[in-house]
Amino acid sequence: MKKIVAGTAMALLSMASIGLAQDEGPFAKEIEARQGLMVYRAINIGTLAAMAKGEAEYDAAKATTAANALLASANLDASMLWPPGSDNAANPESTASAAIWADGSDIGAKAGAFKAAAEAMAGAAGTDLASLQGAMEALGGSCGGCHKAYRVPTN
Amino acid sequence: MRRSHRSLLVFAVIAAAGGWWLSAPGRLPASALDGIAGDATRGEQVFWAGGCASCHAAPDAEDDDKLKLGGGQRFPSPFGTFIAPNISPDPENGIGGWSALDLANAMTRGTSPAGEHYYPVFPYASYAKASLQDVADLHAFLMTLPPVATPSAPHEVSFPFNIRRSLFGWKFLYLNRDWVVAGDLTAEEDRGRYLVEALGHCGECHTPRTALGGMDLSRWLSGGPVPAGQGRFPNITPARLNWSADEIADYLKSGFTPDFDSAGGHMALVVENLAHLPPEDRAAIAAYLKKVPPVE
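Chains as they are written, first to last, in our numbering: chain A, 1 to 155; chain B, 1001 to 1296.
Keep in mind the hints are simulated off the structure, nothing from the lab.
All of these numbers come straight from a predicted model, not from anything done at the bench.
Where hints are given, some of them may not hold.
Taking lysine-lysine and the BS3-like style, the derived pairs with C-alpha atoms no more than 27 Å apart in a straight line are [said to hold, decoys possible]:
id, chain 1, residue 1, chain 2, residue 2
1, A, 53, A, 115
2, A, 115, B, 1253
3, A, 62, A, 115
4, B, 1291, B, 1253
5, B, 1066, A, 115
6, B, 1290, A, 53
7, A, 53, A, 110
8, B, 1129, B, 1291
9, A, 29, A, 115
10, B, 1068, A, 110
11, B, 1253, B, 1066
12, B, 1129, B, 1066
13, A, 29, A, 110
14, B, 1253, B, 1129
15, B, 1253, A, 53
16, B, 1290, B, 1253
17, B, 1253, A, 62
18, A, 110, B, 1253
19, B, 1066, A, 110
20, B, 1129, B, 1068
21, B, 1253, B, 1068
Working from the sequences, and respecting the hints, build out all of it.
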């Protein structure tokens, strides 16, 4: 009986939280998911950058794990997280620029540059520290490449 | 809309009261650069610190294309859309015929060689604080860049903002060469102040603007809405920017925040520029930002 009550309560709670998420805007879940994906990348870039800067000791296994995670995230099909209309203009919680969906957008090429940089890092991270450091700049540049064109400033 | 009507009225009143003779653009004395020789190598550092390429190169320019300053980038604002002019050394379409003094009048007085006021979208309210040595060095560097034969496009600005003489009022109110952050500074903070307040013109985006489009110095670097665009420029006073000085300096080189988020929009261009400067300059900017009065 207790289990059923607890289960029902949890089900209700999760329904309520889904309801809440929907109240925040039509694309709240998509925006939350893609921001989560960005944080996942940031965590792994953080691991690699700490080693590149000498703030953490170089660890080939750890570096490989982080680089592989990054590459997996680059290969993930996240297209359903970017529906038209889910930009900053209508959704203040997003920092995505409407230019992503505009004519002449090269968002696909920019994403391709990130994938290429992540592939290079996956090949370099486990080799040695110098290789990791060599792949870092292109990786950072590919983050900036997309954000420069397609992210709006926010506090 | 109502706000722009009000500023329109204020503009008209200021222009009328000022009078035509009073509204003539100011210039440096003809002897201002006597004894100052420009050095192109040093000028390249001024170029990156001043962020010239971020507005005057083509919109998506990368690497060496950033040195082709043919203009064309569009800057929408409540007053109309401004279009960056050609400042390449092309003698026909760019500034190939300019003397260092012409550049100094443009950057520190907002006055063109023909004696017209520039619109303050060109951040002379900040460059006014630049040293004349830096301007002469920058001139020497700009003249080494590839000429671009594209003519400058006219600004798309309607009445009354298309009356450049009315900018005399704007300059009277906002062209001010005093440092915003005063008081005792270390040599490092002093260098940082020069980079932030003068060459880097950080306040042009990060300081909220008054109805007349001037920087509201009482809210220096506290952020504000993007004019006629999406998003907000962040508050970079210590009230909000709580990173360590090292973290700020790192960000200005790599574009990564302490959480490994990465810089976006125009700030990504700023980071690309500042990455060209010596590490001491980025550390100086960070040291200065720590001295800025916090504004919520």
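Name the hints, by number, that the structure is in violation of. Hint check: nothing fails, all pass.
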